[in-house]
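Protein chains: 2
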Amino acid sequence: MSSEKEYVQEITAQEDNFSRWYRETIIKAKLMDYAPVRGCIVFRPDGYELWERIQAGLDRRFKATGHRNAYFPLFIPESFLQKEKEHVEGFNPELPWVTEAGGEKLEERLAIRPTSETIIGYMYAQWIKSYRDLPVLINQWANVVRWEKRTLPFLRTSEFLWQEGHTAHATAEEAREETTKMLEVYRDFVESELAIPVICGEKTPTERFAGAVDTYSIEAMMKNGWALQAGTSHYLGQNFARAFDIKYLDNDNTLKYVYTTSWGASTRLIGALVMVHGDDRGLVLPPKVAPLQVAFIPVGPAKTRAQVLARLDPLTAELEDAGIRVKADTRDEYSPGWKFNEYEMRGVPLRLELGPRDVENNQVVAVRRDTGEKTPLSQSGLAEQVCHMLQEIQENMFIRAKKFQEEHSHQADNMEELAGILADSGGFVLAGWCGDEACEAAVKEQTKATSRNIPFQPPTHKETCLVCQKPAKHTVWFARAF
Amino acid sequence: MSSEKEYVQEITAQEDNFSRWYRETIIKAKLMDYAPVRGCIVFRPDGYELWERIQAGLDRRFKATGHRNAYFPLFIPESFLQKEKEHVEGFNPELPWVTEAGGEKLEERLAIRPTSETIIGYMYAQWIKSYRDLPVLINQWANVVRWEKRTLPFLRTSEFLWQEGHTAHATAEEAREETTKMLEVYRDFVESELAIPVICGEKTPTERFAGAVDTYSIEAMMKNGWALQAGTSHYLGQNFARAFDIKYLDNDNTLKYVYTTSWGASTRLIGALVMVHGDDRGLVLPPKVAPLQVAFIPVGPAKTRAQVLARLDPLTAELEDAGIRVKADTRDEYSPGWKFNEYEMRGVPLRLELGPRDVENNQVVAVRRDTGEKTPLSQSGLAEQVCHMLQEIQENMFIRAKKFQEEHSHQADNMEELAGILADSGGFVLAGWCGDEACEAAVKEQTKATSRNIPFQPPTHKETCLVCQKPAKHTVWFARAF
Chain A
809 MSSEKEYVQE ITAQEDNFSR WYRETIIKAK LMDYAPVRGC IVFRPDGYEL WERIQAGLDR
869 RFKATGHRNA YFPLFIPESF LQKEKEHVEG FNPELPWVTE AGGEKLEERL AIRPTSETII
929 GYMYAQWIKS YRDLPVLINQ WANVVRWEKR TLPFLRTSEF LWQEGHTAHA TAEEAREETT
989 KMLEVYRDFV ESELAIPVIC GEKTPTERFA GAVDTYSIEA MMKNGWALQA GTSHYLGQNF
1049 ARAFDIKYLD NDNTLKYVYT TSWGASTRLI GALVMVHGDD RGLVLPPKVA PLQVAFIPVG
1109 PAKTRAQVLA RLDPLTAELE DAGIRVKADT RDEYSPGWKF NEYEMRGVPL RLELGPRDVE
1169 NNQVVAVRRD TGEKTPLSQS GLAEQVCHML QEIQENMFIR AKKFQEEHSH QADNMEELAG
1229 ILADSGGFVL AGWCGDEACE AAVKEQTKAT SRNIPFQPPT HKETCLVCQK PAKHTVWFAR
1289 AF
Chain B
809 MSSEKEYVQE ITAQEDNFSR WYRETIIKAK LMDYAPVRGC IVFRPDGYEL WERIQAGLDR
869 RFKATGHRNA YFPLFIPESF LQKEKEHVEG FNPELPWVTE AGGEKLEERL AIRPTSETII
929 GYMYAQWIKS YRDLPVLINQ WANVVRWEKR TLPFLRTSEF LWQEGHTAHA TAEEAREETT
989 KMLEVYRDFV ESELAIPVIC GEKTPTERFA GAVDTYSIEA MMKNGWALQA GTSHYLGQNF
1049 ARAFDIKYLD NDNTLKYVYT TSWGASTRLI GALVMVHGDD RGLVLPPKVA PLQVAFIPVG
1109 PAKTRAQVLA RLDPLTAELE DAGIRVKADT RDEYSPGWKF NEYEMRGVPL RLELGPRDVE
1169 NNQVVAVRRD TGEKTPLSQS GLAEQVCHML QEIQENMFIR AKKFQEEHSH QADNMEELAG
1229 ILADSGGFVL AGWCGDEACE AAVKEQTKAT SRNIPFQPPT HKETCLVCQK PAKHTVWFAR
1289 AF
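So the sequence lines, in the order shown, correspond to chains A and B.
In terms of my numbering, the first sequence is residues 809 to 1290.
In terms of my numbering, the second sequence is residues 809 to 1290.
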């Protein structure tokens, strides 16, 4: 495998500089490119197709749980944002403003939406009149803009793509149930299709969404041990209902405010895919969302090419017919070695090689991207074997990521232990917390780690706060985070 | 059918005021609502689902013709728009500008994209180096903004949703072939899935896209006889390649500019669906894109309800299993008559009624939305019969719209004839045109009709210009247009 070296030279090794490895990989794998607008990126076809598959997987689950899609305006009048105090404080610093349009100065500035609680709240107030109109279960697929100081492709960009669910309910209980149901939808999707294990839990008050009563998150561990918040679900109580006067006539004939929720996942999931599974040779994509699942490559001397292609073409067709996303790369201007590297860089889960000797032996050689393992497969019933192998890869990738997460999960009883772990192996650290914001701030200041969430199912309950050593109110995961 | 009257009173008749009928119908059918931002609308779930089905039908065709999706930034730096002279002149008056972001005044104003030729051209210049990189076949699904003076829901709104294809080719021939291929994709989709017959042709120079060499369109006839441009495809020649320096090294080792195309269809297709098929009772939706295909409604006295539902439930399940989008409306608080009106207003293609006598006779009564025709169907093999009927409705809707289009297509040899036809029956008028912009302008000024397109296959060739009576260069369709 002399060809491997080319890429080892081309991209930075993860352990040398993880952030540089990340930036180089997503460019070389052609997931994205930098755009000529501050903090914006272009989603190239392979990057966008990952998003399309993420969209499909989530959308199916949203619809199965009774939600429908709708679309609300990109522009939010300034006065709308002022209506929920915490909300405006949270988002104001990041807003871009349209001040002129159609050759005239606008009377009221329009913000480009950073999220749509306000304008959707306004519409819900028009639509919801009676208990018969509830619940309202709507999701929106959209672009949003947050003018961030520091940007990182997919993870934090000025403009990004996401979905935002916005629901309204008659009771607090029902709204709370929705909040946790959608968190579970995210967990299920991210674990079963992206092969990324996550920790479900509640955010501490300082990490809450601006305007929420409670925020829940799923947190994933990247290969450098840092955390990435992969989806959030917010119980908004009556905060937005009061701000936008969303009331309904209940069947007891009294007017009541609704309870609302919102929940979102974004193109940062693409970043998570890269940083959870990628290695020093590039992307490693889970078969369920990989744009290309199988790269089929003819090998051997040029004079045998015609003979090899005569077998390769019908086998490719057989795989296609079985619904496998396969591409036969029969280009002559590139060597097999170059192609191996290319599809490894792009994270294609499985490579199939077919040479003259394979033709004689009625076999193809399968090479797994996740393990590098080579396996000869019989040409008879190839599609079925490939399907099976793709499934194995999907499962193995989850198991491996889960094992990594467990191996990099620790516990700390005090700040020294926390700092030691973070300096040493890194990862997630479970610790007790008294509930005082000052203690949480001390952790961040001294270690740069932040509270990720208060897990629903902590592996153990910690008794004392890692900072002040008073009795712990919560057991919290701390980590450096993207 | 006493219940019909309720709606006749509720919405304006088409022939009394078509525009008012349109506005009332789309609100009452809950396709959209007005947003609290100038010229913007909210796509409610039924409206958005129409868009989702339009997206699916087009996207499938784009991919089948070798295109992939990507995503480019919402923001376009002012300097980019300046690079193509005609382009900036065409779009400048309609642009909204972001002048402040993240608490600071921007050094360069950012336009919200009205279309993306410029920013995509800039990226293509980075990506395209060699003839091996061509063709580039990319499509984008996105929101765009044009600050229009007069707005009309779906047809002309400040923000709208669309797709924009952008391709780059080595030769003019190949780019021209792409331009016509994509026009044909639009024709095929709009005719076969939206059941809307269209006329394919070339736009006159005054109606061209700003920056294009040639623009082609599909034009549909609304029920008031006006035209609606339902999709456009532009051959851009080397205009944008030169403006953005998109060059490739050809295999003869010389640097050459690429040839580009762009093509788009938007949420105005939803408006077309409404105005081609709707009637005085509301929407009439073609089964292929209808969010709901079948409304199943129990009828008869309350005391028989349990017995009816015992049959209705398994029959509904049978239809669902066959992939039919069916809803059983078993709500007690609404009368069957109210429900009939409701699903008629929403344009559901087929209503099924089941009463106690139908249970006895092993039948259901099917009522077609397009014709009002009532047909008893046997409960045995119901799904198959319903599928067949939906297909018939789809076909009939196209035939009917085609017939309407033909009946409202006329010819004129001079301005008097044109004016007479427009004042009388309205519709499309075929006429000769000398090619002089002054004559085209005279038509618009005197009759408000504009040239729709120069059809590829005119029913006949006209010899003289309808205005100046000199020899005609082109045979053109003229019509009032949305």
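Hints are computed from structural coordinates only; laboratory data are not their basis.
No experiment lies behind these values; they were computed from the predicted model shown.
Mixed in with the good hints, there may be bad ones.
Note that the list lumps identical chains together, so a pair holds whenever it fits in one copy or between two copies.
[What the hints assert, rightly or not] SDA-like mimics (lysine to any residue), calculated; alpha carbons at most 25 Å apart, straight line: (1) K1182 to L914; (2) K913 to E902; (3) K836 to D824; (4) K893 to G910; (5) K1055 to D824; (6) K891 to N1222.
Against the structure, the hints come out as follows:
no.: 1; hint: K1182 to L914; in the structure: neither (64 Å within a copy, 55 Å between copies)
no.: 2; hint: K913 to E902; in the structure: both (22 Å within a copy, 13 Å between copies)
no.: 3; hint: K836 to D824; in the structure: within (18 Å within a copy, 62 Å between copies)
no.: 4; hint: K893 to G910; in the structure: between (31 Å within a copy, 18 Å between copies)
no.: 5; hint: K1055 to D824; in the structure: neither (56 Å within a copy, 37 Å between copies)
no.: 6; hint: K891 to N1222; in the structure: neither (42 Å within a copy, 61 Å between copies)
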